[in-house]
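There are 2 protein chains.
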Amino acid sequence: MNHRHATASARSVDDYRDTVAALLAPLADRPAESVAVPDALGRVLATEVRSPIDLPVFRNSAMDGYAVRAAEVAVTPVTLPVAGVVAAGRPGTTPLPAGSAMKVMTGAPIPPGADCVVPVEDVRADQDRIVVERGRAEGEFVREAGTDVRAGALVARAGTVLAPRHIAALAAVGLATVPVLRRLRAVCLTTGDELRPAGAELAPGQIYNSNGIALAAALRADGVEVVEVAHSSDDADEFTLVLRAAVAAADLVFTSGGVSKGDFEVVKEVLQPLGGVFGAVAVQPGGPQGYTVVDGVPVLSFPGNPVSTTVSYVVFAREVVRALGGLPAPDTAEVILRTPVRSPAGRRQYLRGLRTDDGVEVISGPGSHLIAGMAWADVLVDVPAEVTALPAGATVRILTL
Amino acid sequence: MNHRHATASARSVDDYRDTVAALLAPLADRPAESVAVPDALGRVLATEVRSPIDLPVFRNSAMDGYAVRAAEVAVTPVTLPVAGVVAAGRPGTTPLPAGSAMKVMTGAPIPPGADCVVPVEDVRADQDRIVVERGRAEGEFVREAGTDVRAGALVARAGTVLAPRHIAALAAVGLATVPVLRRLRAVCLTTGDELRPAGAELAPGQIYNSNGIALAAALRADGVEVVEVAHSSDDADEFTLVLRAAVAAADLVFTSGGVSKGDFEVVKEVLQPLGGVFGAVAVQPGGPQGYTVVDGVPVLSFPGNPVSTTVSYVVFAREVVRALGGLPAPDTAEVILRTPVRSPAGRRQYLRGLRTDDGVEVISGPGSHLIAGMAWADVLVDVPAEVTALPAGATVRILTL
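Keeping their order, the protein sequence lines are chains A and B. Numbering of the first sequence is given in UniProt numbering, commencing with residue 1 and proceeding in unit increments. Numbering of the second sequence is given in UniProt numbering, commencing with residue 1 and proceeding in unit increments.
Hints in this document: simulated from the structure, not taken from any laboratory. Do not rely on the hints blindly, as some may be mistaken.
Which copy? The list can't say, so a pair holds if one copy fits it or any two copies do.
Said to hold, decoys possible - The calculated SDA-like cross-link candidates involving lysine to any residue, where the alpha carbons are at most 25 Å apart (straight line), are:
| # | residue 1 | residue 2 |
| --- | --- | --- |
| 1 | K261 | P344 |
| 2 | K261 | G84 |
| 3 | K261 | V35 |
| 4 | K261 | T76 |
| 5 | K261 | E48 |
| 6 | K261 | A323 |
| 7 | K261 | A83 |
| 8 | K261 | P77 |
| 9 | K261 | P91 |
| 10 | K261 | A333 |
| 11 | K261 | V82 |
| 12 | K261 | S34 |
| 13 | K261 | T19 |
| 14 | K261 | T79 |
| 15 | K261 | E33 |
| 16 | K261 | R69 |
| 17 | K261 | R220 |
Note that this is a predicted model, so its numbers are computed, not measured.
Required output: the full structure, derived from the provided sequences and hints.
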């Protein structure tokens with residue numbers, strides 16, 4: 001194994017993650033935005049929401065039946081004339097005459113004077129009179145105004161990730177829009193002369209560009225709006241142009257490739273003179289990392305090996321990106337390792353793993369190019385930097401993909 | 001409590017759920033569709049996907065370094081002339097001359113004749129020669145073609161819900177599109193003269209229309225494409241027109257309201273003559289239910305109380321809707337009830353509950369109108385039809401919302 005990256009100068013994973021978190025922290029200050037309630041599913045409330053109205057808005061019937069005075073149906077059977085009908089949607093302001101009933105539909109206003117509803121099943125009815133066969137207590141089948149929620153009462157807390165049940169409540173209290181956290185806007189910028197778009201014919205030495213698509217999918221799954229997936233060759237002028245456009249369009253920019261020790265490291269070449277910090281992190285995959293602030297926009301530069309790009313995002317950026325979007329941290333757990341593993345000294349390793357009923361199996365090799373193999377993994381297995389071997393049965397920390 | 005719905009004629013929850021499942025079963029036969037890989041996040045593969053290419057496509061370098069013959073660097077230090085440079089993206093077809101090295105970038109083709117790569121860190125280089133300070137074994141830092149995935153090998157199984165890691169693999173093997181299950185297309189059709197859109201001024205007797213928005217959110221969360229949220233008054237001609245448009249646009253239609261025992265049950269009035277089956281299910285909330293097939297399109301009719309509409313969907317339709325979309329069944333569990341409950345005899349009751357560390361608390365009353373209160377619930381507590389009371393400490397089944 002090559003241990004040269006694991007020098008004293010390489011930063012630790014935790015240290016670099018903190019650096020990335022600090023770099024992105026100013027993005028928390030972006031303004032909220034207003035979205036229509038039907039479009040707010042999965043969005044995160046920027047403020048608490050209180051009800052503008054009482055719900056129920058008015059005293060109404062819980063049943064199809066007859067609004068009466070409980071005292072007048074205390075002894076049954078009793079015959080009452082039907083003084084009218086209140087359909088749902090009608091004002092229902094006509095008072096109930098003494099000694100009579102008014103037909104009411106579910107949800108219709110209870111006429112003034114009535115204090116309970118006898119369900120239609122408990123009544124024999126003819127044209128204009130009913131025989132009540134079973135009386136009801138005061139308040140039965142009457143929904144009083146404000147018993148679901150009072151005007152001014154809390155409907156949902158700030159920070160709520162809006163599920164269908166929240167959408168239902170917001171709609172029921174008549175809100176057309178709600179204030180939500182604006183999604184982070186990101187551009188993913190891949191580099192490399194060798195990369196070709198999907199479906200293209202590959203010339204010798206070329207490969208398909210998966211990093212932009214993969215990173216965009218990961219970001220979208222974490223609530224980020226990916227405004228563009230861009231690509232540049234290894235030409236510095238081209239990269240500079242594409243980078244400038246990205247920075248103008250986004251809250252943050254991710255680049256992949258061009259950060260290592262080769263002869264054509266365009267990302268490092270362009271960004272270092274702009275103040276970019278590039279160096280080694282004691283991690284595998286994903287050792288070479290860089291970050292820059294360009295015109296106030298954080299630019300995170302990941303290495304270009306497909307697995308390295310994806311793992312770099314998961315290890316260094318995912319948690320803070322989710323937190324900035326108001327989403328909970330990804331799941332981690334301590335589980336039993338079911339396959340022995342070896343790991344290079346001095347580098348924290350993230351191995352591809354598959355959860356099983358009784359722990360986790362490491363699948364696929366550690367190679368940074370094994371991106372198809374990574375599709376079968378549902379977790380990363382976190383092997384600490386100082387550990388060089390773990391037996392089956394050891395306890396390991398896993399990070400859900 | 002009113003027990004009249006719990007007559008011998010009321011169907012059981014399980015029986016009605018089976019009926020709904022059978023009604024929707026033909027929707028499984030809809031054709032797959034092709035979507036662009038970058039847009040396929042969260043979609044479900046309609047068929048297995050195999051790789052059209054070997055990955056790596058060609059033998060390439062895992063490091064920035066020098067391609068050599070392992071036998072020629074077995075004894076170090078050794079000085080070799082540098083015969084050229086292979087950048088990523090170049091054909092790399094020039095063979096390595098005997099007794100020399102070629103500089104290679106990560107991902108660049110290994111020149112024919114070379115069998116390992118010495119990383120740049122293990123070499124002292126000047127203009128046109130290198131001193132190798134540490135040799136490498138045959139194959140070291142060489143990624144052989146096809147070692148990630150072979151042409152023809154499985155990349156993802158049919159039925160895979162595509163996560164970012166799958167998108168990455170599909171992009172890496174160069175696929176531009178993938179075959180996925182077409183989403184179910186639904187229309188949500190609310191009825192009722194009393195309903196007003198969000199933001200409108202309410203006249204006496206009117207309420208806000210939340211059912212369409214709530215049902216649409218629930219369906220979208222379950223992977224359904226909601227093509228329209230429509231509304232009709234209680235006028236039969238208007239409802240017929242809106243229904244016909246819904247049936248023409250959708251794979252399935254959900255209606256809310258107009259299925260009970262009142263005087264203005266427009267859904268039942270219009271759909272019964274078309275073969276609709278309407279009747280009581282022994283459930284609370286949500287007793288009155290109906291279903292119809294109109295021009296081959298299943299129409300599920302839920303009652304109009306807001307909680308009844310939502311719970312009807314969760315109890316009777318959600319699992320089959322998700323299954324038809326290729327998504328797993330909603331989570332259920334057996335947990336300890338932390339609050340005593342009462343329940344009407346003869347009706348299976350779904351109470352709103354909140355998961356706690358040690359079980360579930362029932363929150364909010366059983367009223368079908370308590371939709372704002374439902375926002376605080378994250379589960380439904382399933383109380384069997386024959387049970388009339390449960391003490392704290394009882395084991396109950398919960399259904400995740």
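Consistency of the hints with the structure:
In the homo-oligomer, the alpha carbons of K261 and P344 lie at most 25 Å apart inside one protomer (20 Å), although the nearest pairing across protomers, at 73 Å, exceeds that limit. Taking identical chains as interchangeable, the C-alpha atoms of K261 and G84 lie at most 25 Å apart only when they sit on different chains, with a minimum of 17 Å there against 88 Å within one chain. Proximity of K261 to V35 under the C-alpha cut-off of 25 Å is found in neither arrangement, the shortest distances being 46 Å within a copy and 38 Å between copies. Taking identical chains as interchangeable, the C-alpha atoms of K261 and T76 lie at most 25 Å apart only when they sit on different chains, with a minimum of 23 Å there against 94 Å within one chain.
Proximity of K261 to E48 under the C-alpha cut-off of 25 Å is found in neither arrangement, the shortest distances being 50 Å within a copy and 39 Å between copies. Proximity of K261 to A323 under the C-alpha cut-off of 25 Å is found in neither arrangement, the shortest distances being 33 Å within a copy and 50 Å between copies. For the homomeric pair K261 and A83, the shortest alpha-carbon distance between copies (19 Å) is at most 25 Å, but the shortest distance inside one copy (91 Å) is not. For the identical chains of this complex, K261 and P77 are inter-copy neighbours only, at 22 Å across copies versus 95 Å inside a copy, given an alpha-carbon limit of 25 Å.
Within a single copy, K261 and P91 get their C-alpha atoms only as close as 78 Å, which misses the 25 Å cut-off; across copies the closest is 21 Å, which meets it. Taking CA atoms no more than 25 Å apart as the test, K261 paired with A333 passes in neither setting, with 35 Å inside one copy and 53 Å between copies. In this assembly of identical chains, K261 and V82 lie within 25 Å of each other by CA distance solely across copies; the values are 17 Å between and 91 Å within a copy. Proximity of K261 and S34 under a CA criterion of 25 Å is satisfied in neither setting, with 46 Å inside one chain copy and 41 Å between copies.
With identical chains, the CA atoms of K261 and T19 are at most 25 Å apart within one copy only, with a shortest distance of 22 Å there and 65 Å across copies. Taking CA atoms no more than 25 Å apart as the test, K261 paired with T79 passes between copies only; the shortest distance there is 21 Å, against 96 Å inside one copy. Proximity of K261 to E33 under the C-alpha cut-off of 25 Å is found in neither arrangement, the shortest distances being 43 Å within a copy and 44 Å between copies. In the homo-oligomer, the alpha carbons of K261 and R69 lie at most 25 Å apart only across protomers (22 Å), although the nearest pairing inside one protomer, at 88 Å, exceeds that limit.
In this assembly of identical chains, K261 and R220 lie within 25 Å of each other by CA distance neither inside one copy nor across copies; the values are 31 Å within and 47 Å between.
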